[in-house]
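Undergrad: Going down the list, the protein sequences come from chains A and B. Going by my numbering, the first sequence opens with residue 1, and the numbers climb by one from there. Going by my numbering, the second sequence opens with residue 1001, and the numbers climb by one from there.
Just so you know, these hints were derived from the structure itself, not from any lab. Accuracy of the hints is not assured; some may be wrong.
Said to hold, decoys possible - Derived DSS-like pairs (lysine-lysine); straight-line CA-CA distance at most 27 Å:
1. Lys1107/B <-> Lys1003/B
2. Lys57/A <-> Lys70/A
3. Lys1107/B <-> Lys1070/B
4. Lys1073/B <-> Lys1107/B
5. Lys9/A <-> Lys1003/B
6. Lys1073/B <-> Lys1003/B
7. Lys1107/B <-> Lys1016/B
8. Lys1107/B <-> Lys57/A
9. Lys1016/B <-> Lys57/A
For clarity, every value in this text was computed on a predicted model and none was experimentally measured.
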Amino acid sequence: NAGVTQTPKFRVLKTGQSMTLLCAQDMNHEYMYWYRQDPGMGLRLIHYSVGEGTTAKGEVPDGYNVSRLKKQNFLLGLESAAPSQTSVYFCASSSPAGGLNSPLHFGNGTRLTVT
Amino acid sequence: AQKITQTQPGMFVQEKEAVTLDCTYDTSDPSYGLFWYKQPSSGEMIFLIYQGSYDQQNATEGRYSLNFQKARKSANLVISASQLGDSAMYFCAMRGLEGNNRLAFGKGNQVVVIP
Chain A
1 NAGVTQTPKF RVLKTGQSMT LLCAQDMNHE YMYWYRQDPG MGLRLIHYSV
51 GEGTTAKGEV PDGYNVSRLK KQNFLLGLES AAPSQTSVYF CASSSPAGGL
101 NSPLHFGNGT RLTVT
Chain B
1001 AQKITQTQPG MFVQEKEAVT LDCTYDTSDP SYGLFWYKQP SSGEMIFLIY
1051 QGSYDQQNAT EGRYSLNFQK ARKSANLVIS ASQLGDSAMY FCAMRGLEGN
1101 NRLAFGKGNQ VVVIP
């Protein structure tokens, strides 16, 4: 009954370091998303994927890259971390079967601090 | 472009009373979906309720109901008989073809239930 699992839960990086956030879902969902949440800003979409091997830019894609090599996994990479990337990152997935009424299922988030 | 507006300041509500959270939206899509999510202090995003733009009746899920006024482009969440566990941030979100089927979020409403 895992749903959407994000690893790690917490991470502290120094400016310029790189890291990859992993998202895994066991619901066989086609669509996957990466959001960031900052105080007073709600959730903003970074990148998303509508199927294995496909990715697309969201609202705030700069400084991030993603890959969807397997249907169940969606990776978010930071090549050279900046303090402005300090945030809480959420992964989500959904099924296209319900069309516009399919809710997103969220992971528990990754709290990233860049010093 | 899609836009979700939640402008209420933090709200205090007495336990067992009802509370209404305002959400207005803007879109040129004829067909779209509206969602509400709850984010307690533990951080996870919990899906509460969905309303389709063509639904004739307002959505209800247990103590949650959605006051949907299409002409005014508003989708207010009503929580009846508030409980202490309802203390959380609440996010309104919209999904439509204009946004390539992505879920766009408002900035959230903070609710604190007091005994």
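Undergrad: Is Lys1016/B within 27 Å of Lys57/A, Cα to Cα?
TA: Status violated; Cα separation ~44 Å.
Undergrad: Given the hint that Lys57/A pairs with Lys70/A, test it: the Cα-Cα distance must not exceed 27 Å.
TA: holds (18 Å)
Undergrad: Does the structure keep Lys1073/B and Lys1003/B at a Cα separation of 27 Å or less?
TA: holds (11 Å)
Undergrad: Taking 27 Å as the top limit, are the C-alpha atoms of Lys9/A and Lys1003/B close enough?
TA: Violated, at roughly 30 Å.
Undergrad: Does Lys1107/B pair with Lys1003/B here, judged by a C-alpha cut-off of 27 Å?
TA: holds (11 Å)
Undergrad: For a C-alpha distance cap of 27 Å, please report whether Lys1073/B and Lys1107/B respect it.
TA: Answer holds: Lys1073/B to Lys1107/B is near 17 Å, not above 27 Å.
Undergrad: Given the hinted pair Lys1107/B and Lys57/A, is their alpha-carbon gap at most 27 Å?
TA: Measuring from Cα to Cα gives roughly 21 Å; hence the hint holds.
Undergrad: Need the status of pair Lys1107/B, Lys1070/B: alpha-carbon distance at most 27 Å?
TA: Given pair Lys1107/B, Lys1070/B holds - Cα atoms ~21 Å apart, limit 27 Å.
Undergrad: Does the alpha-carbon distance linking Lys1107/B and Lys1016/B stay inside the 27 Å limit?
TA: holds (26 Å)
The structure is inconsistent with the numbered hints 5, 9, although it conforms to all the rest.
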